[in-house]
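Heads up: the protein sequence lines correspond to chains A and B, in order.
Residues 0 to 425 in numbering that gives the first Met the number 0 are what the first sequence spells out, letter by letter.
Residues 0 to 425 in numbering that gives the first Met the number 0 are what the second sequence spells out, letter by letter.
The set of hints was computed from the structure by calculation and includes no laboratory data.
Certain hints may be false.
For chains that are exact copies, the list does not tell them apart, and a pair is met inside one copy or across any two.
To be verified - Think about it this way: if two alpha-carbon atoms lie no more than 20 Å apart in a straight line, the pair counts; the simulated SDA-like pairs of lysine to any residue are:
1. K310 x F321
2. K118 x D382
3. K118 x E408
4. K79 x G91
5. K90 x A178
6. K90 x D100
7. K118 x H400
8. K252 x H418
9. K56 x S104
10. K56 x A45
11. K118 x A107
12. K215 x E132
13. K215 x I325
14. K118 x A357
15. K252 x I423
Keep in mind that this is a model prediction, so the values were computed, not measured.
Protein chains: 2
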Amino acid sequence: MTVSIAATTDVTSAMHAVGIAARAAAQVLARTGTDAKNRALLAAAAAIRSDAAIILKANATDMAQATARGTTGAMIDRLKLDAARVEAMAKGLEEIAALPDPVGSVAAEWTRPNGLNFKRVRTPLGVIGIIYESRPNVTADAGGLCLKSGNACILRGGSESFNSSRAILNCLRHGLVAAGLPEAAIQMVPVADRAAVGIMLGMHEFIDVIVPRGGKGLIARVQAESRIPVLAHLDGNCHVYVDGAADLAMARKIVMNAKLRRTGVCGAAETLLVDRACMATHLKPLVTDLLDAGCEVRGDAEVQQIDPRVKAAVEADWATEFLDAIIACRIVDGVDAAIEHIETHGSHHTESIVTADAATAERFMACIDSAILLHNASTQFADGGEFGFGAEIGIATGKLHARGPVGVEQLTTFKYVVHGDGQIRP
Amino acid sequence: MTVSIAATTDVTSAMHAVGIAARAAAQVLARTGTDAKNRALLAAAAAIRSDAAIILKANATDMAQATARGTTGAMIDRLKLDAARVEAMAKGLEEIAALPDPVGSVAAEWTRPNGLNFKRVRTPLGVIGIIYESRPNVTADAGGLCLKSGNACILRGGSESFNSSRAILNCLRHGLVAAGLPEAAIQMVPVADRAAVGIMLGMHEFIDVIVPRGGKGLIARVQAESRIPVLAHLDGNCHVYVDGAADLAMARKIVMNAKLRRTGVCGAAETLLVDRACMATHLKPLVTDLLDAGCEVRGDAEVQQIDPRVKAAVEADWATEFLDAIIACRIVDGVDAAIEHIETHGSHHTESIVTADAATAERFMACIDSAILLHNASTQFADGGEFGFGAEIGIATGKLHARGPVGVEQLTTFKYVVHGDGQIRP
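Model the full structure from these sequences, guided by the hints.
Now the structure itself:
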């Protein structure tokens with residue numbers, strides 16, 4: 000794409016105007032009570048329902064343009080809205096309204112011998128930048144979660160969903176106005192221009208946190224370019240380890256669910272590790288279940304001997320997030336070899352151990368440095384809703400601030416509020 | 000400084016070797032129990048006491064070299080060790096040993112209706128990079144805090160304190176060996192070369208967090224260059240606001256302490272804001288106390304009328320961290336004007352309000368976006384020890400992860416540990 004210097008300057012000024020307005024709105028939101036935020040969310044949900052036809056018409060425009068450009072498959076599916084998906088957005092906003100408000104809650108309180116009373120009070124982060132791709136429903140979900148947590152947000156959706164997102168944004172802004180809140184609390188980047196993303200990633204004076212939602216290319220670009228803290232995960236290369244002490248029936252159920260319940264989610268299992276101690280009894284049923292369900296299995300030499308349908312795994316398979324009905328499978332010598340494999344090839348997202356031996360489970364969970372470790376449960380539970388957080392804006396694998404599902408509580412920071420009666424420091 | 004390409008390559012390989020060793024040590028430390036870590040800390044404290052003469056001799060070498068280079072004043076004072084400062088390092092390590100171990104503690108636990116039990120368990124961050132200037136005692140403090148929190152650390156002290164720091168490091172490593180822990184848990188950058196800092200700031204595959212300890216130039220450089228998350232504060236431009244409803248005697252005591260107890264700490268007050276509502280009664284005693292104690296007062300026009308010794312404040316004074324016996328002073332129209340001044344000119348570190356009106360105090364504390372807000376207490380309480388955290392590695396003003404004093408708990412992250420009995424996701 001060729002961008003003239005004049006055009007870039009215009010984009011920069013437009014983006015800075017967005018940043019200034021967001022900062023001002025964030026100051027208002029930080030002082031806004033729960034009731035007003037909930038009123039805005041419920042009014043936005045109502046507006047999405049009453050504007051359903053307008054949203055679907057805008058989406059039809061986006062779909063027609065995308066089809067004309069030759070877009071197909073998963074990309075078109077992500078872009079498409081229908082009555083059920085519009086209703087799901089409205090319902091999602093109502094569910095966010097029903098969540099507890101994290102802002103102002105006291106996460107800790109203590110009093111020192113000198114009488115000073117300390118409170119650690121949750122406060123909004125400030126301004127959150129959301130960069131996403133074709134799914135227009137992210138506009139409603141992300142806008143709603145940021146609003147509930149008292150943050151202003153700057154949304155940068157994919158250009159292919161621009162009309163759909165703008166129609167949804169109108170509903171969100173209707174809600175803000177209805178509740179007497181600043182419209183700039185939820186803004187969309189005004190330009191469908193790739194330069195805008197680069198400018199956004201450099202706006203550290205206006206944006207406190209960036210949350211990218213989309214494919215690996217987007218996440219990698221944001222992580223590489225941004226000087227603003229990023230909450231995200233690059234890969235969800237999740238593992239299931241079936242230990243020698245695993246109940247076979249449980250292992251079969253968990254492996255099938257972890258891999259195949261939905262293959263396109265970040266909590267889907269991508270590698271199955273089977274303990275040599277139960278290879279004779281467990282490996283064949285586990286692999287046969289997967290193969291019979293249409294899953295491609297890429298195995299090491301021992302796994303290949305189980306069934307002629309098993310393909311040979313190559314080294315890269317151990318580090319691949321297939322996001323498809325494909326699983327890598329390897330025999331390991333016990334829990335320590337499983338830990339070693341996961342620490343070497345994993346992405347610090349979500350790992351599950353199936354075992355009846357509690358000590359083995361504790362070792363697995365203590366030694367692996369991933370955001371989520373599960374014992375006798377499917378990796379597909381890696382989801383804010385399943386954690387009880389309500390909606391989530393994504394899953395983070397970084398070590399700072401938030402790890403795992405990022406819900407409204409994870410979109411806050413805190414301040415210390417200290418009450419005294421004249422204390423001075425000796 | 001001229002660095003040949005060959006020399007830079009050597010520094011890079013040396014630094015990467017340090018990083019690899021630190022990562023390996025971090026894996027061991029993450030699995031190390033409290034007892035072993037405490038044994039290492041206590042053995043290190045004992046070694047510092049028994050090696051006192053060696054440490055002081057190394058320090059004399061550093062002092063002689065610094066003096067020969069013409070170093071004077073505060074820099075020499077920071078560099079200098081004596082018997083009392085050596086003993087303080089040993090005692091500091093013992094105090095760190097006595098702190099509760101944050102690693103493994105369960106910060107939250109809940110069970111979902113499907114029977115899944117969730118625990119949020121504290122874990123070490125991994126590898127922490129500490130970049131500091133001339134104070135050799137940071138070697139012991141930072142090394143001890145990182146060890147207690149289960150983190151490996153890479154220390155890069157100022158070249159002027161190299162011999163002192165190396166002697167202290169020997170004692171820390173003696174402690175590690177005595178407790179059977181890897182020596183690479185605490186490493187010093189092997190080269191007294193400015194290039195090492197730049198390489199360290201780019202080592203995101205080996206270092207999880209950077210903590211800079213030193214002057215504004217160092218912090219600014221680290222924040223500008225690092226792609227690794229930084230826990231730090233650039234400025235401690237702290238304010239005391241004396242409200243119209245302030246008790247005068249309390250206000251006098253707090254203002255004097257906040258400004259003059261120690262002027263070189265980040266929690267020292269730099270600007271005094273006085274409510275117009277109490278100007279007639281409170282301003283003169285507050286300003287006179289400061290002037291009589293030898294503090295320079297830089298006031299607006301109204302403050303200058305109080306005493307001929309008051310100098311005229313210029314715009315830059317409102318944003319300056321003097322770190323000296325100098326204070327800027329201004330009359331404001333009530334709490335909202337105080338909030339506006341602090342949000343405009345402040346550094347989000349620590350602010351105090353003196354008032355007998357609880358509602359005014361709550362407004363001040365709710366509306367200002369600083370890490371620490373105090374009511375009727377001195378800003379000099381901005382310190383991990385005063386918070387009850389034990390020792391601190393610094394104070395952070397960023398919004399992500401840790402804000403305020405950074406003690407052992409703030410040097411941890413967490414993982415979710417989830418126990419089930421065969422749950423799969425519907």
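Need the list of violated hint numbers for this structure, in ascending order. 9
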